[in-house]
Amino acid sequence: MKNILEFDSLTLSFDGLKILSSIYMQCQQGEVVGLLGRNGSGKSSLMKVVFGTLDAEYKSVRVNGVSIHGNYDQKRIIAFLPQDKLIPSYVSLRTAFRLFEIDIDEIISVAPAIKEFFNFKSQELSGGSLRLIEALLILYSPAPFCILDEPFTGLMPVHIETLKNIISKSKDRKGIIISDHMHRHVTELSDRLYLLTNGKTYEVKERERLVELGYLNSL
Amino acid sequence: MACYLHVSTSMRVILTFYKNFSWLVLAISLLGCWLIWLYGSWQYMIVVFWTKVLTNTLLGLFIHIFSPSQFYFFKNLGYSKTRLYTYTFIFDMVIWFIMSWLTIRMLT
Numbered sequence: 001m002k003n004i005l006e007f008d009s010l011t012l013s014f015d016g017l018k019i020l021s022s023i024y025m026q027c028q029q030g031e032v033v034g035l036l037g038r039n040g041s042g043k044s045s046l047m048k049v050v051f052g053t054l055d056a057e058y059k060s061v062r063v064n065g066v067s068i069h070g071n072y073d074q075k076r077i078i079a080f081l082p083q084d085k086l087i088p089s090y091v092s093l094r095t096a097f098r099l100f101e102i103d104i105d106e107i108i109s110v111a112p113a114i115k116e117f118f119n120f121k122s123q124e125l126s127g128g129s130l131r132l133i134e135a136l137l138i139l140y141s142p143a144p145f146c147i148l149d150e151p152f153t154g155l156m157p158v159h160i161e162t163l164k165n166i167i168s169k170s171k172d173r174k175g176i177i178i179s180d181h182m183h184r185h186v187t188e189l190s191d192r193l194y195l196l197t198n199g200k201t202y203e204v205k206e207r208e209r210l211v212e213l214g215y216l217n218s219l
Numbered sequence: 001m002a003c004y005l006h007v008s009t010s011m012r013v014i015l016t017f018y019k020n021f022s023w024l025v026l027a028i029s030l031l032g033c034w035l036i037w038l039y040g041s042w043q044y045m046i047v048v049f050w051t052k053v054l055t056n057t058l059l060g061l062f063i064h065i066f067s068p069s070q071f072y073f074f075k076n077l078g079y080s081k082t083r084l085y086t087y088t089f090i091f092d093m094v095i096w097f098i099m100s101w102l103t104i105r106m107l108t
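Residue numbers (our numbering), protein chains in the order written: chain C, 1 to 219; chain A, 1 to 108.
Keep in mind that the hints were calculated from the coordinates and are not lab data. Bear in mind that the values here come from a model prediction, so they are computed numbers and not experimental data. We put the beta carbon where it would ideally sit given N, CA and C, even for glycine. One thing to keep in mind: the hints can contain errors.
Claimed, not checked - The calculated SDA-like cross-link candidates involving lysine to any residue, where the alpha carbons are at most 20 Å apart (straight line), are:
1. A:K19 with C:F120
2. A:K81 with C:V66
3. C:K121 with A:T16
4. C:K121 with A:F74
5. C:K121 with A:T55
6. C:K2 with C:V66
7. C:K169 with C:D191
8. A:K19 with C:D55
9. A:K19 with C:T95
10. C:K85 with C:M156
11. A:K19 with A:Y44
12. C:K75 with A:V13
13. C:K164 with C:G30
14. A:K81 with A:V13
15. C:K169 with C:T95
16. A:K19 with A:L107
Claimed, not checked - Chain C side only, calculated, beta carbon under 7 Å to chain A, not exhaustive:
17. R76
18. A79
19. D84
20. L86
21. I87
22. P88
23. Y90
24. R94
25. L99
Given only the sequences and the hints, what does the whole structure look like? Please build it.
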């Protein structure tokens with residue numbers, strides 16, 4: 001049976017201004033779900049709420065229809081790649097992968113170029129290389145669901161292609177939610193696409209809908 | 001076996017976080033031991049205990065304000081801020097207590 005992550009009835013306000021109000025998203029193990037939205041639309045906030053690092057006034061997060069409450073982070077159901085740096089500067093990459101219980105040889109087999117970096121600390125790497133490694137850390141973590149917030153930021157084209165291949169392969173084991181301003185990469189990867197605008201999510205089945213909802217000027 | 005693995009993983013996570021500021025908290029523990037050694041009284045442990053509570057709280061606040069992004073890393077490992085701080089504080093206090101106890105033993 002494939003696991004299903006769903007979240008809805010989510011309300012979030014900052015200083016009385018409603019950021020998120022009418023949300024519904026679903027992600028199944030075996031699919032990539034894209035989340036698009038303009039700057040400031042609340043994509044990152046939505047992801048943080050679902051991951052559990054930002055408190056919402058109300059939220060309902062369910063796995064296989066069963067609501068998960070409280071500190072569900074202990075169960076490691078969702079892994080999250082934030083926009084900010086993930087690996088602390090004082091942690092070596094080898095230590096990070098060990099703590100995440102990831103086989104380093106497996107990582108090297110999918111991305112041989114990063115082999116030389118494993119004894120470095122995160123602060124010793126370029127932003128692009130580090131971003132790729134952090135995305136791998138999340139994609140290969142044991143959690144059945146991954147949320148990636150702007151994974152392509154700072155990556156050079158060859159690394160973007162590598163990451164896209166790895167995301168496509170990883171979806172056999174996981175459900176992946178991905179958000180990025182490089183919308184072409186997101187739409188190309190996604191099996192299901194949502195647009196977040198005015199605090200609401202809309203499922204996008206035709207690309208023309210992105211223009212209708214004001215996300216794109218033209219196709 | 002599963003319990004051993006869980007404890008071992010938890011210790012590795014806590015040690016990773018602890019390493020970040022261990023030089024400061026261990027320096028305070030050593031200072032406490034030195035005071036006990038110098039004046040020959042265990043009662044200095046009370047002063048050092050409250051000093052450690054205060055410095056650990058300030059350290060927690062400092063990390064919370066100036067380096068909050070590192071918590072995503074630990075949260076992905078299943079450790080919320082509260083759980084991480086609590087376990088690390090207990091770990092530090094146990095080390096300090098053992099150091100103080102050994103110092104008192106050497107005095108007597």
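Hint-by-hint comparison with the structure:
no.: 1; hint: A:K19 with C:F120; result: holds, 17 Å
no.: 2; hint: A:K81 with C:V66; result: violated, 25 Å
no.: 3; hint: C:K121 with A:T16; result: holds, 13 Å
no.: 4; hint: C:K121 with A:F74; result: holds, 16 Å
no.: 5; hint: C:K121 with A:T55; result: violated, 27 Å
no.: 6; hint: C:K2 with C:V66; result: holds, 14 Å
no.: 7; hint: C:K169 with C:D191; result: holds, 13 Å
no.: 8; hint: A:K19 with C:D55; result: violated, 29 Å
no.: 9; hint: A:K19 with C:T95; result: holds, 13 Å
no.: 10; hint: C:K85 with C:M156; result: holds, 17 Å
no.: 11; hint: A:K19 with A:Y44; result: violated, 26 Å
no.: 12; hint: C:K75 with A:V13; result: holds, 15 Å
no.: 13; hint: C:K164 with C:G30; result: holds, 15 Å
no.: 14; hint: A:K81 with A:V13; result: holds, 13 Å
no.: 15; hint: C:K169 with C:T95; result: violated, 25 Å
no.: 16; hint: A:K19 with A:L107; result: violated, 30 Å
no.: 17; hint: R76; result: holds, 5 Å
no.: 18; hint: A79; result: holds, 5 Å
no.: 19; hint: D84; result: holds, 4 Å
no.: 20; hint: L86; result: holds, 6 Å
no.: 21; hint: I87; result: holds, 6 Å
no.: 22; hint: P88; result: holds, 4 Å
no.: 23; hint: Y90; result: holds, 5 Å
no.: 24; hint: R94; result: violated, 12 Å
no.: 25; hint: L99; result: holds, 6 Å
When each numbered hint is compared with the structure, violations occur for hints 2, 5, 8, 11, 15, 16, 24.
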